[in-house]
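Q: For the sequence shown, the tail end lands on 243 under numbering that gives the first Met the number 0, and the numbers increase by one without skipping.
Where hints are given, some of them may not hold.
[Stated by the list, open to error] SDA-like cross-link-like pairs, simulated, lysine to any residue; straight-line CA separation at most 25 angstroms:
hint, residue 1, residue 2
1, K61, P204
2, K32, K61
3, K61, L71
4, K32, T72
5, K61, P192
6, K32, R76
7, K22, Y144
No lab work stands behind these hints, which were simulated from the structure alone.
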Amino acid sequence: MRTPRHQLLAFPNGPSYCGVVSKDYGQFCGLAKAASVLGERWALLVLRDLSLGPRRFGDLQKGLPGIPTTVLTTRLRELEEHGIIERQAPPLGRRGLVYAMTDHGRDLTPILDALGRWGARRMADPGTHDVMTSSSLAGALRSAYRPGVIPDEVTIRVAAGPVLAWARTTPDGVAVGAGIPDGPIDLTITTGPAMRHILAGTLSPSEALATGALAFDGSRELFDLFPRAFHVPLDPTIIQGEST
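Turn these sequences into a full structure, and let the hints guide you.
A: This is the structure:
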């Protein structure tokens, strides 16, 4: 009898990996397993937001415009079942449980950043219906950060209309968050869609100031270092190919 193509290797003492099961690629492969866990719609964006810190259900829903309530409920349940997130008691003085990443989930942070950099290479200007959230801006800052450019510990606040995020740098790394940071702020940058071109290096700080694409408050030296410390280049070849 002819063996089906997907039955390449059997594990008689373990679970069957050769059947076709929902959410299962039928392969004994780490990448296939990761895809079955993380490949559902909205899952990566839920994890992006939780990688910035614990969130209540309502906070997640507000920060993910367009996600149906039932979908968010399902994604959170699945991620919890896989041990990637957990429910925790809220901080003192707040009500309602919060969702937070487990240690297993936090292992995904550099992977989320790498995927963000990979995707950003394919992004130029936002589409008509594209939105930026405070969490997506914070995630962009973290994935774009290049250690060693800014020698001191500084706090940078970025405002794009109502969207607020911050980055606190050290010579070895960066912490980011949505909203307004605690403590003193060394540099505030106010901008809009031009931020993508500043991070790409296709628009210099001086050009952006001259055209009114952004404004800043704080250290001019730090402002000039910003596009070197936070940099993700565009790939015109990829962008042109995707637009045709």
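Q: Checking one constraint from the list: CA of K32 to CA of R76, max 25 angstroms. Satisfied?
A: Holds. K32 to R76 sits at ~18 angstroms (cutoff 25 angstroms).
Q: Quickly compare the C-alpha distance for K61 and P192 to 25 angstroms and report which way the hint goes.
A: Within the cut-off at roughly 21 angstroms; holds.
Q: Are the Cα atoms of K32 and T72 separated by 25 angstroms or less?
A: Holds, because 22 angstroms separates the two Cα atoms, which is no more than 25 angstroms.
Q: Can you confirm whether the C-alpha distance between K22 and Y144 stays at or below 25 angstroms?
A: 34 angstroms, violated
Q: Keeping to a limit of 25 angstroms between CA atoms, is the pair of K61 and L71 held or broken?
A: 11 angstroms, holds
Q: Within a Cα-Cα threshold of 25 angstroms, do K32 and K61 meet the stated pairing?
A: Not satisfied, since the Cα-Cα distance of roughly 30 angstroms exceeds 25 angstroms.
Q: Please verify whether K61 and P204 have alpha carbons no more than 25 angstroms apart.
A: Violated: K61 and P204 sit about 32 angstroms apart, past 25 angstroms.
Hint violations for this structure: numbers 1, 2 and 7, all remaining hints satisfied.
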